[in-house]
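Work out the full structure: start from the sequences and follow the hints.
Quick note: the sequence shown, position 232, residue 892 per my numbering, numbers continuous.
No lab work stands behind these hints, which were simulated from the structure alone. No experiment lies behind these values; they were computed from the predicted model shown. There may be inaccurate statements among the hints.
[As the list claims (entries may be wrong)] Just the calculated beta-carbon pair ranges, DEER-fashion:
#1 Phe775 / Lys748: 39 to 49 Å
#2 Val717 / Asn809: 43 to 53 Å
#3 Ala829 / Pro882: 48 to 58 Å
#4 Phe714 / Glu820: 38 to 48 Å
#5 Ala829 / Ala735: 55 to 65 Å
#6 Gly883 / Val757: 48 to 58 Å
#7 Ile745 / Pro773: 43 to 53 Å
#8 Ala761 / Glu707: 24 to 34 Å
#9 Gln841 / Leu778: 55 to 65 Å
#10 Ala761 / Pro895: 44 to 54 Å
#11 Pro895 / Ile719: 31 to 41 Å
Backbone N, C-alpha and C fix where the C-beta goes; we use that ideal spot for every residue, glycine too.
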Amino acid sequence: MKYKLVYAVTAVLVGLLSFITTSSAEVLAGPKPWQLGLQPSASPTMEMIEGFHFQLVIIITLISVFVLGLLIYVAVRFREKKNPIPSKTTHNSVIEVLWTAIPVVILVVISVPSFKLLYFADRIEEADMTLKVIGNQWNWTYQYPDHGNFEFTANLLQGEDLKEAQKAAARSKEKRPVLRQLSTDNPVVLPVGKKVRLLVTATDVLHNWAISPLAVRIDTVPGRLNETWVEIKKPGTYFGFCSELCGSGHAFMPIEVHAVTQSEFEQWVKKAQKKYAKVDNITLPIAARSENTMNSINLAGGTAPQ
661 MKYKLVYAVT
671 AVLVGLLSFI
681 TTSSAEVLAG
691 PKPWQLGLQP
701 SASPTMEMIE
711 GFHFQLVIII
721 TLISVFVLGL
731 LIYVAVRFRE
741 KKNPIPSKTT
751 HNSVIEVLWT
761 AIPVVILVVI
771 SVPSFKLLYF
781 ADRIEEADMT
791 LKVIGNQWNW
801 TYQYPDHGNF
811 EFTANLLQGE
821 DLKEAQKAAA
831 RSKEKRPVLR
841 QLSTDNPVVL
851 PVGKKVRLLV
861 TATDVLHNWA
871 ISPLAVRIDT
881 VPGRLNETWV
891 EIKKPGTYFG
901 FCSELCGSGH
911 AFMPIEVHAV
921 TQSEFEQWVK
931 KAQKKYAKVD
941 NITLPIAARS
951 ENTMNSINLA
961 GGTAPQ
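Here you go:
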């Protein structure tokens, strides 16, 4: 009986490990069940943020342990039973200098890597390509000005479209993850190892284009063009969301980015130039959007994507 229990527990642990490994293989970046900490970094900026995060965790932990120990020491050492006659000390110059100087030193130590990170994330070097992102209620339009200026709109996959996409993904060799509330009908495709300039704006209200594993989070403002950059280091699928409240459909405008090799990207561009060809300044797939667009959802009646 004892050995059977050991075997059963071992089998369960192996099964859980296999599930976690499979999930990680299918979805390179995204929140996982029971996840602690940050999502796996996939860009140089996110790697720096991750390193800075762990430095801060160490510093904060040491400070917290010190303060807790000091509180316990004071509570025990200066309790009423042991000190029936309280001390009449009014000040201590050494302690006052220390509790002023030490926090200043800590802040200086923190500020050095912080400023380096801010400069690194804000600088925009010569980019290899440009992607224009346009926020709409409640989807995203993408333009590739360096590749024929074709454009397309990405809507949330839902209903029958979602089921069909999941079936197609299961049959495909690429094993593209198709997930409810995360996948779109037209994912963004970007090459790995290339610096991509992101130009972002909006057509109606304030949105925010955010993908945590890539350390990208930038407001898309109507009438204004904001700029940032990203370099994806690992091939795979990355998910994000609009991170600015933008109306009743805010929760239903996900971001899906496929990072591929340069050769795969060039092949995709050739297909995309034909698929999203413009006729009289109207992009065909946008003029005939899929049925799963947010315009077909009766949000006022409380109907949400399934």
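Can you name, in rising order, the numbers of the hints this structure does not satisfy?
3, 9
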